[in-house]
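The listed protein sequences derive, respectively, from chains A and V. Read left to right, the first sequence gives residues 3 to 168 (our numbering). Read left to right, the second sequence gives residues 7 to 110 (our numbering).
Hint data in this document are derived by calculation from the structure and do not stem from the laboratory. It is possible that some hints are incorrect.
[Said to hold, decoys possible] From chain A, some residues computed to sit far from chain V (all C-beta separations above 10 angstroms):
#1 Asp81
#2 Arg93
#3 Val113
[As the list claims (entries may be wrong)] Distance condition first, Cα-Cα at most 20 angstroms in a straight line; then the derived EDC-like pairs of lysine to aspartate or glutamate:
#4 A:Lys165 to V:Glu82
#5 A:Lys129 to A:Glu53
#6 V:Lys109 to V:Glu98
#7 A:Lys165 to V:Glu98
#8 A:Lys129 to V:Asp65
From the three backbone atoms N, C-alpha and C, an ideal C-beta is built for every residue, glycine too.
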Amino acid sequence: MFSHTVFYFFALLAVASAIMMVTRRNIIHSAVYLITTLLATAGIFLQLDAEFLFVVQIILYVGGIMVLFVFVIMLVNLDVSLRLVQFNHQRFVAGALALILGGQVFIAFRVGRGVLPHPVLRSMSPKNTEAVGDALFTHYMLPFEIASILLLVAMIGAVVMAKRRV
Amino acid sequence: MAPTMISPDYYLMLSLALFTIGVIGVLTRRNVIIILMSIELILNAVNINLVAFSRLWGDVNGQVFAIFIITDAAAEAAVGLGIILAFFRNRETLLADEMDLLKW
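Looking at chain V on its own, in the form it has when it is part of the complex:
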């Protein structure tokens, strides 16, 4: 184990970089699966923050919250991929800007 901890600023910056890349992916890509993967990246960036502050306070609560976020990510991925499968069966497309059934 390291004798001193790295300043939490570093972890904040890493988390910010991953979060921004994830947001760019969600906003600019057309493929729904890549949008879902970018959401996973965003959730992962949040987890880094939680664990870094959990280490800073010497407390395990942040890690418990990170576990709950991973649980949510799993549930979201399962349901999202189920929706993508059902949609692909009906429309034969994966592009988010062609999903306009409710638009007129």
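This is chain A alone, in the form it adopts within the complex:
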């Protein structure tokens, strides 16, 4: 079926480039693979009829946050760091524990399969952006304002942290 093909394409792209991101030696390569993962996730959002989030993901994540990452990498990148050991001492224990965590959640999903309601196609509003904006400015007005204050605080904090002399 067509929608399954689209899903598998984006899912495999996301997972493969996420694995590449975690294992690469060069940080710039990692950043580019993370961008690929985020774009594939944007495709998943589009498949789930979340057009506004699709655009926000591309503009904000890929265009904003990742550009910030690449700038910082260019500011701090050392050629020496390419020749160092890339994984820490507890890597085997930590990797095994992370896989166990993933396995536990996987088992929980399998056991709890019947709990989820059967997916019926409920009609989404065709005007996705309008619906999101409506919810954001009526029901979620206070969280919206708090988020803007959070952004202001983060902006001031980032400037103070990156300044040479406070």
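Position chain V relative to chain A; hints supplied.
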């Protein structure tokens, strides 16, 4: 638009895979920037869940929460990268296991 929705199990599994890869990255890598990028990956995996269930219920609330999470990710990345810059200026290193000023 697809005539029927893909079962949310698929999205849960995709999200779980991305989350686990992100956790592995946070726990095993030495470079702080890659640790921060793995945290972004984890937040992204959570967003997939929220949007998938938002689609399942035909409701827009999950997407609003995803927007708040993206806002948090932006704030966290800005402050985290500022801290990394300040730290790099003092110690000339990016390795998480050499950040031991408070250890004795």
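Status of the hints after comparison with the structure:
Distance to chain V confirms Asp81 of chain A as a non-interface residue, since its nearest Cβ pair spans about 12 angstroms, more than 10 angstroms. With a minimum CB-CB distance of about 4 angstroms to chain V, Arg93 of chain A fails to clear the 10 angstroms threshold, and the non-interface call is violated. Once the 10 angstroms rule is applied to beta carbons, Val113 of chain A is consistent with being away from chain V; the minimum gap is 12 angstroms. Taking the CA atoms of Lys165 of chain A and Glu82 of chain V, the gap is near 17 angstroms; set against the 20 angstroms cutoff, the hint holds.
Simply put, Lys129 of chain A and Glu53 of chain A have alpha-carbon atoms about 9 angstroms apart, close enough for the 20 angstroms limit, and the pair holds. Under the criterion of a C-alpha separation no larger than 20 angstroms, the hint pairing Lys109 of chain V with Glu98 of chain V is consistent with the structure, at around 18 angstroms. For a cut-off of 20 angstroms, the pair hint linking Lys165 of chain A to Glu98 of chain V stands: about 16 angstroms separates their Cα positions. A distance of roughly 12 angstroms separates the Cα atoms of Lys129 of chain A and Asp65 of chain V; the hinted pair therefore holds under the 20 angstroms criterion.
Comparing the model with each earlier hint shows a violation of hint 2 alone; every other hint is respected.
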